[in-house]
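These protein sequence lines are chains A and B, in that order.
Each residue of the first sequence is one higher than the last, beginning at 1 in the working numbering.
Each residue of the second sequence is one higher than the last, beginning at 1 in the working numbering.
A few of these clues could be false.
[To be verified] The list that follows gives simulated cross-link-like pairs (lysine-lysine, DSS-like), each with its CA atoms no further than 25 Å apart:
id : chain 1 : residue 1 : chain 2 : residue 2
1  : A       : Lys131    : B       : Lys501
2  : A       : Lys54     : B       : Lys490
3  : B       : Lys353    : B       : Lys80
4  : A       : Lys166    : B       : Lys54
5  : B       : Lys329    : A       : Lys146
6  : B       : Lys146    : A       : Lys87
7  : B       : Lys364    : A       : Lys146
8  : A       : Lys87     : B       : Lys120
9  : B       : Lys131    : A       : Lys80
10 : B       : Lys54     : A       : Lys90
11 : B       : Lys381    : A       : Lys90
12 : B       : Lys364    : A       : Lys364
FYI, nobody ran anything at the bench for these hints, they're computed from the structure.
No experiment lies behind these values; they were computed from the predicted model shown.
Number of protein chains: 2
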Amino acid sequence: MTFGELVYPFSKDNHIESFNIGFNNFKINYSGSMAKGLPKRSEDFSAWYNELVKKADLAENSAVRGCMVVKPYGFAIWEKMQQTLDKMFKDTGHSNAYFPLFIPKSYLSKEADHVEGFAKECAVVTHYRLKNAEDGSGVVVDPDAKLEEELIVRPTSETVIWSTYKNWIQSYRDLPLLVNQWANVVRWEMRTRIFLRTAEFLWQEGHTAHATKAEAIQETEQMMEVYATFAEQFMGVPVVRGLKTESERFAGAEETYCIEALMQDGKALQAGTSHFLGQNFAKAFDVTFSNQNNELEHVWGTSWGVSTRLMGALIMSHSDDEGLVLPPKLAPIQVVIVPIYKGDDQLAAISEKANALKDALQAKGISVKFDDRDTVRPGFKFADWEMKGVPVRVTMGHRDLEQGLVEIARRDTKEKSSYKVEVMEEVITNLLDEIQENIYKKASDFRADNITEVNSYEEFKEVLETKGGFISAHWDGTAETEELIKEETKATIRCIPLDAKDEEGVCIKTGKPSTKRVLFAKAY
Amino acid sequence: MTFGELVYPFSKDNHIESFNIGFNNFKINYSGSMAKGLPKRSEDFSAWYNELVKKADLAENSAVRGCMVVKPYGFAIWEKMQQTLDKMFKDTGHSNAYFPLFIPKSYLSKEADHVEGFAKECAVVTHYRLKNAEDGSGVVVDPDAKLEEELIVRPTSETVIWSTYKNWIQSYRDLPLLVNQWANVVRWEMRTRIFLRTAEFLWQEGHTAHATKAEAIQETEQMMEVYATFAEQFMGVPVVRGLKTESERFAGAEETYCIEALMQDGKALQAGTSHFLGQNFAKAFDVTFSNQNNELEHVWGTSWGVSTRLMGALIMSHSDDEGLVLPPKLAPIQVVIVPIYKGDDQLAAISEKANALKDALQAKGISVKFDDRDTVRPGFKFADWEMKGVPVRVTMGHRDLEQGLVEIARRDTKEKSSYKVEVMEEVITNLLDEIQENIYKKASDFRADNITEVNSYEEFKEVLETKGGFISAHWDGTAETEELIKEETKATIRCIPLDAKDEEGVCIKTGKPSTKRVLFAKAY
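Using the sequences and the accompanying hints, generate a full structural model.
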């Protein structure tokens, strides 16, 4: 079998400035040249990420400062994440609901830590009407339409939801209340980065109410575990389950559980958080219930969320210098079939086989694209689907087919092999599982290589500068030391791992006694 | 078979003030007494609607003026609508994407009619930070954090999307661009009503770009037809397909297609609109493409949307004085099984049969709730599930089961019959189809009875006052006459039906010649 005539993976002269792909239901536009490729991860991780987000057609910056446009291909990945998580939430007894976008300013203030945490970065609606400018220069804010009380565009919905729960909860029979919301939220971040930190982002926020502290803590832990399971089994991203230190806790929480992932550049990324709120919001909004002994008590609360930030984690965990690498479980297109042919007769013969394979795989729930575009060359298609991270590519060449063969290439390892047509359905089905596993294994191996135990501050700083990754070290448990280390090194305590063993030691910074190691890292 | 001992449908003394239902994944709270029932539709339609929305646990007003909270049971219905529509959009070649919540004020102004239409009711973000008040009274807007340009919370997204499309479209190969967005939007309505007219609402907005006028019109018509199909086949609501008059058109459109439904009180409700935008937004945002002859042309556009308003249409089309009536295709719970028993042994025996039926129906994709609560009486459960509109109720009584019988009741007609246990699965499956059809037929018959042709203004006014409904009449085609009739009668032209026949006539108001009848009605 020879593909010697193919320009693969890419030819410098194959330089198309703008084209258009229709696949499944997507109509995606490609502006700019694929031929330029991506910056190398090893040389400039940040530029690599930005270019990849653009070239894989995932998202772009909008005209509104810090707000992104999620493009159809990027949104299709997010939809897969959403659907998977939504099912997991429902399987654990939660229902979806919808609460207002706007929060009265006074509500935000009712929980002291909460307002402290969010006041500095919130979009404020002050007026409800525009009018024509008197000088004819366009529309201006109508000063007569000033709101009596300003409204905050929700940065998170604890306050508006707990003010609602007050009316929903009277008795222990109303508990637990297990609600989730899929929504957009706004935090006026000064430095933004697509998916990782944007002024507006999409997320889900669970808000639950319970009769006992123990039950609320159990819920908090359960949802952290749901997130961890999703990250590991669907995204293929291994995570550390842990607790945040007091200074990294959610504003208004008694305890914040988190899952922390490690990116390929050695920086950590907080991928999801689950908060035990104690009775803080119940007290702030006076949410009480009568228990089985008919005594009034304040309710116990939790909240938990993941966001479009997960898209950033997904991209930075697996992708390479040729583009996106997607785990099959979250890939909008799992298999692409590319025909190699000359003339309509050859295409017709290949199409028959390609469509039969497509039908057979789709019947198994596998999403398949037959890329029969005649406006671009096969080498271009190869590079294009590599950039978009499609896990499996099937190449159907006229000459190979005459010998009863097809070529199957996997995106993760870039391995290619020829198979008999009769077995390709089975090979592909198995390969998708194998790729899902391999992606996770590769990320797990990388993480294992990048958790370093250190026992002195010198060692800490050296590892941080030369290698990065998670650094496991003793800490004296004070916010002062945490802050000092952060100021001096930019490393933060990502979490106190839940599986940390008791171990006598001394704080790397102060030498004070410590009983557990925590994980430090520079983080997104 | 006797259910003589049951309190059915309702007992005045069965008066529980607050309770809680767990069904499938819902945890729904019930405050207030079911025993109070609903106001009668015939006496006060408006009060009936408000109470039904509340008692069926669909939604409630929030603390933020005009914004609603969609409760879990209401949201579950909306999710079914969403999923169905989303599939229809994808089947017609559209992809989802996400665009920013905020629109720079200057963007809104770029299309003259558009800003005219929306400036009077938009929420304006002017600041991006709060700070602690100097007098310690809480947080205030930080005057130092004033935005250079105010941001509008999107009332609809044409402007921000067309400003993005400018970069996505260069060539005819980039077209058509078929994108949809599920989002929240804000229009600062002065008089609001849950689901029908709220300051914030949930909707989808399709925004497409085409190379030719003909193709854009075809898309506009196709999406109107998608909406009509959804309304009729899923919601069970017959609709008139038509064109809006110029004065009722979307701000910025060349033509607005709509589907108009008739509510049980004889008022019309616009259930969906599909706009042919011509080249208006393409010109406003300079979106051009090079055609196959390499000439630059402006793109042709469409936009189309339906919203949580459909929830209002669904409720007001079918429900009755006992509560919600849901078409099976949109019911979160299609079948509820209520056991009638004394003691745990009887319950155990019934549970076995109930769970077997539940499993069998769920295997067919039918959603079933076995209501084995022991805290409320069967009569209460009956009324509760009637209020929530569950299409089919199966009553499994101990004594009946001994004779191999169950009772099956349908929500739409309130008919009850006994069946042998062996056939219940088949009976229920067929019954769901029958209910779906019957609900649509009933609404169609009602509408047929409430479209009245009139040929004079006197007749017009009389029908409007005594009977309501759609009034089919000749109109001279001018905005002046339309406005005059509206001022004098509060009736508006709902649409020019697409299937209106050519017919010589004279305008009911001015006596001027007319060639087609249009549909008038008072409307929501």
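Going through the hints against the structure:
| no. | hint | in the structure |
| --- | --- | --- |
| 1 | A:Lys131 with B:Lys501 | violated (43 Å) |
| 2 | A:Lys54 with B:Lys490 | violated (52 Å) |
| 3 | B:Lys353 with B:Lys80 | violated (29 Å) |
| 4 | A:Lys166 with B:Lys54 | holds (16 Å) |
| 5 | B:Lys329 with A:Lys146 | violated (45 Å) |
| 6 | B:Lys146 with A:Lys87 | violated (42 Å) |
| 7 | B:Lys364 with A:Lys146 | violated (55 Å) |
| 8 | A:Lys87 with B:Lys120 | violated (41 Å) |
| 9 | B:Lys131 with A:Lys80 | violated (39 Å) |
| 10 | B:Lys54 with A:Lys90 | holds (24 Å) |
| 11 | B:Lys381 with A:Lys90 | holds (24 Å) |
| 12 | B:Lys364 with A:Lys364 | holds (19 Å) |
In this structure, the earlier hints numbered 1, 2, 3, 5, 6, 7, 8 and 9 are contradicted, and the remaining ones agree with it.
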